[in-house]
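Number of protein chains: 2
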Amino acid sequence: MKKNNAITPQEQDFSQWYTDVCTKAGLMDYSRVKGFIIYRPYGYAIWENIRNYLDEQFKLTGHENVYMPLLIPRSLLQKEAEHVEGFAPECAVVTQGGGKDLEEPLYVRPTSETLFCDHFKDILSSYRDLPIKYNQWCSVVRWEKTTRPFLRGSEFLWQEGHTLHRTEQEAREEALRMLRVYDNLGRDILAIPFLTGQKTDKEKFAGALETYTVEAIMKDGQALQCGTTHYFGQGFAEHYDIKYLDEDNTLKVPYQTSFGVSTRLIGAIIMEHGDDNGLVLPPYVAPLQVVIIPIRAANDPEVARRAHCLEDELKKLNIRCKIDFSDKTPGWKYAQYELMGVPLRIDIGPKDCQENKVMYVKRYNGEKGFYKFDENLAKVIAAEMETITRGMYAKALNFVNSHVHEVHTYDELADVILNGKGYAKMAWCGDQACEDEIKAKLNASSRCMPFDQTLIDDTCPICHKKAKKVVLFARSY
Amino acid sequence: MKKNNAITPQEQDFSQWYTDVCTKAGLMDYSRVKGFIIYRPYGYAIWENIRNYLDEQFKLTGHENVYMPLLIPRSLLQKEAEHVEGFAPECAVVTQGGGKDLEEPLYVRPTSETLFCDHFKDILSSYRDLPIKYNQWCSVVRWEKTTRPFLRGSEFLWQEGHTLHRTEQEAREEALRMLRVYDNLGRDILAIPFLTGQKTDKEKFAGALETYTVEAIMKDGQALQCGTTHYFGQGFAEHYDIKYLDEDNTLKVPYQTSFGVSTRLIGAIIMEHGDDNGLVLPPYVAPLQVVIIPIRAANDPEVARRAHCLEDELKKLNIRCKIDFSDKTPGWKYAQYELMGVPLRIDIGPKDCQENKVMYVKRYNGEKGFYKFDENLAKVIAAEMETITRGMYAKALNFVNSHVHEVHTYDELADVILNGKGYAKMAWCGDQACEDEIKAKLNASSRCMPFDQTLIDDTCPICHKKAKKVVLFARSY
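First to last, the protein sequences are chains P and G.
Those letters in the first sequence? Residues 11 to 487, by my numbering.
Those letters in the second sequence? Residues 11 to 487, by my numbering.
Incorrect hints may have been included.
Any copy, or any two copies together, can satisfy a pair, since identical chains are not distinguished.
[Unchecked claim] Below 25 Å or equal to it, Euclidean Cα-Cα: the simulated BS3-like pairs (lysine-lysine) are: (1) Lys-131 x Lys-44; (2) Lys-451 x Lys-44; (3) Lys-382 x Lys-451; (4) Lys-478 x Lys-405; (5) Lys-372 x Lys-229; (6) Lys-476 x Lys-435.
Keep in mind that the hints were calculated from the coordinates and are not lab data.
Note that the structure is predicted; figures quoted are calculated from it, not measured.
Work out the full structure: start from the sequences and follow the hints.
Following this line, the structure appears as structure tokens:
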């Protein structure tokens with residue numbers, strides 16, 4: 011197998027490159043139902059690693075896991091008008107159960123706000139019960155016309171957090187706290203430098219007062235929304251009649267938030283770090299972190315002995331590793347583990363044994379070198395997981411920094427968008443009409459209003475009215 | 011709150027006792043759709059603990075996790091006649107998606123054999139690919155007429171393992187190996203002594219050649235099937251056209267198994283160990299393993315200091331614990347944590363501080379005593395988790411042993427069944443007609459043919475034909 015023949019080069023067709031990586035690295039397969047994919051072991055293990063990290067963070071920030079029903083009665087979904095308008099058209103609807111037509115259709119959950127609200131109404135009674143901070147890991151279904159593995163599917167895996175608070179301030183802090191948890195996930199685990207900020211009214215979640223977002227930029231210059239947190243105020247609580255008796259003996263309505271990330275993060279990892287040889291996985295989510303390739307093991311029993319010894323030591327340090335003793339050639343193995351994006355490759359041959367060293371190759375930058383084969387080797391390799399993560403992050407940050415452009419005129423905006431240069435940072439009047447115009451002319455949307463709102467122009471380049479906000483515009487997945 | 015006033019006594023109404031425990035201990039709540047429950051934090055955490063243990067065991071036995079689609083096209087479900095007959099009538103059916111009627115109805119998975127088979131057909135090509143050992147954690151939907159929390163629901167959480175093997179022997183071994191994993195879960199983690207064996211043809215899984223089971227006996231004398239493993243032979247593989255090229259260059263059909271346990275195990279824990287004061291949780295699945303109750307903490311700051319100190323030390327040993335500093339009375343707290351089934355309660359008062367000790371109460375048998383308050387206290391308490399598990403297991407085993415009765419006549423069988431004495435162990439001719447007769451007359455079913463098949467009679471007490479097997483009969487959930 012030649013190194014690159016399995017995968018379409020990114021320059022030639024980025025979209026086909028993406029699909030090739032998804033299928034050929036064994037992340038997923040298609041099912042017989044359009045938009046419903048099979049998460050194969052290698053892809054699902056990445057999600058498990060993301061989930062394990064986040065679940066620990068959620069528990070540290072005081073959240074408890076629950077599981078809500080899969081199906082939502084139509085009447086329950088319809089209680090919040092904006093929400094049902096946003097979701098009902100993309101729902102899968104169960105109309106038969108147990109061989110009979112149902113009296114009321116049941117919607118497969120597209121998100122569970124309505125179920126959580128209904129449950130909160132039942133369980134909340136006193137201010138002593140607050141805050142309530144729940145999270146759920148599940149799959150949701152949204153009927154999509156155009157689907158792509160991990161990025162947009164009719165079914166995807168996600169977590170949805172739902173919280174209730176006594177004060178507005180506490181709820182607002184929660185929405186920002188969970189955004190920081192996502193931002194840390196990007197920085198510490200996925201090696202993805204997120205752009206963070208608030209969504210405009212046009213782009214916010216159906217029913218939210220404020221939506222915050224972590225946005226990534228893919229290697230083709232397009233934006234990818236990777237996670238959102240929402241401050242709901244009291245809107246949902248009022249529609250679903252959620253109340254509690256406060257310390258002053260009066261009934262009050264709590265403040266609410268929600269937050270979520272999905273298997274879309276797997277798509278973000280692929281398009282943030284991948285190259286023409288395939289996947290490049292950040293170590294902390296890689297199902298296989300280190301692969302050991304024995305070279306000419308038949309010529310020298312010491313090769314296998316040292317490979318096993320290193321594998322044992324690495325496993326003691328909880329490094330996910332394996333030795334490939336198969337009868338394939340080293341060249342075939344190199345290409346295979348490059349395709350799979352294994353962060354670190356270790357070669358051990360007879361000469362290395364004599365010289366008490368092993369060769370290493372880092373997947374993300376091709377760096378090659380030698381480690382001493384001594385009692386510290388496993389520790390040295392384990393420490394590389396952090397070094398590689400930081401290296402991948404720095405590389406990705408360079409890319410982000412060179413793909414965010416301040417624009418001051420419509421022509422500059424058009425140049426950034428139409429030539430795939432990434433994000434355009436622009437002053438904006440605050441009117442949706444200008445967002446609509448940009449969408450119509452350039453097929454780009456506002457991604458977020460960054461937290462640093464230092465104005466870069468006095469007027470909006472679109473309508474020339476007074477500028478009120480700074481917004482990032484981009485084409486997006 | 012009086013100790014028992016919240017819960018109906020078991021003797022008075024076992025079924026109502028069960029429902030009281032489920033709701034009042036905060037394990038679950040009902041949703042607006044019949045048979046679909048909400049897994050509340052305390053109930054869901056029990057499932058998480060079971061899942062974490064099993065997931066590790068599955069990985070140690072070479073299984074990989076995957077995730078299959080939620081929805082199954084009707085045509086796919088219909089490929090195996092016996093299987094579709096068994097499941098189609100209890101399915102929820104999606105007939106609309108994205109606002110339109112679907113061309114082909116989609117079934118919400120009642121189990122995923124058909125999806126796994128279809129995927130296996132796509133990915134299996136060579137004998138080198140075998141064995142394939144997959145597992146999936148998900149929820150499934152089966153429309154049930156009568157539902158009870160955890161025991162029988164229209165939606166429940168489970169895991170389903172699906173494996174393919176090159177030889178019949180290897181597949182048969184896999185079905186028995188996974189039964190042992192379940193049996194160990196019962197013994198080591200749930201403190202439930204399972205009765206194990208093989209299902210009769212009448213009771214086996216739709217499409218299986220052989221079904222193995224772990225069966226428990228509840229405090230009301232009824233049986234509860236807690237987990238099953240199946241040997242499929244080549245039946246599914248043939249219907250779904252799964253083949254591989256063997257070493258001898260001929261196409262062959264692999265041998266298949268599946269295995270699963272569900273949130274029904276939570277029901278088993280409740281009815282195996284619970285009493286009139288509420289839940290009694292085995293330590294390794296208890297969300298809260300130790301509760302520390304400070305007594306008259308206002309009188310002596312040393313009480314709070316020691317409580318915090320102990321809590322810190324226990325947390326370092328990964329013991330799930332908390333201190334209850336609320337303004338409720340100690341009596342209220344005792345009743346509350348008994349209801350919640352917390353395995354070990356520790357009281358610390360001013361007098362205990364002076365005497366360098368703490369009082370303990372074990373939930374499962376009410377044993378009270380004192381531990382020395384010294385640098386070993388946390389370790390002593392951590393070690394009690396195993397002691398309590400073994401004590402609970404021994405108590406449960408006594409119950410099982412006194413509720414399995416050899417019967418040699420129909421009258422003896424009827425006595426065991428009609429008087430709630432548990433399992434009847436009986437010689438059996440092997441004909442389904444006798445099982446049907448017992449079902450019709452006594453509303454009892456064959457639970458399993460135990461692995462020890464030492465015949466206890468020459469003839470079947472029902473038809474008086476030659477006995478071929480020993481079978482356990484019982485009424486069951």
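Original post:
Between the shortest in-copy and the shortest cross-copy C-alpha distance, which are at most 25 Å for Lys-131 and Lys-44: within, between, both, or neither?
Top reply: between (37 Å within a copy, 18 Å between copies)
Original post:
Are the CA atoms of Lys-478 and Lys-405 at most 25 Å apart within a copy, between copies, both, or neither?
Top reply: Neither: 33 Å inside a chain and 72 Å across chains, both beyond 25 Å.
Original post:
25 Å Cα cut-off: does Lys-476 pair with Lys-435 within a copy, between copies, both or neither?
Top reply: Close inside one copy (16 Å), not across copies (87 Å); limit 25 Å.
**OP:** Indicate which option fits the pair Lys-382, Lys-451 if close means a Cα-Cα distance not exceeding 25 Å: within, between, both or neither.
**Re:** The answer is neither: 59 Å in one copy and 77 Å across copies each exceed 25 Å.
**OP:** Could you figure out if Lys-372 and Lys-229 sit no more than 25 Å apart (CA to CA) within one copy, between two copies, both or neither?
**Re:** within (20 Å within a copy, 59 Å between copies)
Original post:
From the Cα coordinates, with 25 Å as the cut-off, is the pair Lys-451 and Lys-44 best called within, between, both, or neither?
Top reply: neither (31 Å within a copy, 50 Å between copies)
This entry does not satisfy hints 2, 3, 4, going by the numbered hints stated previously.
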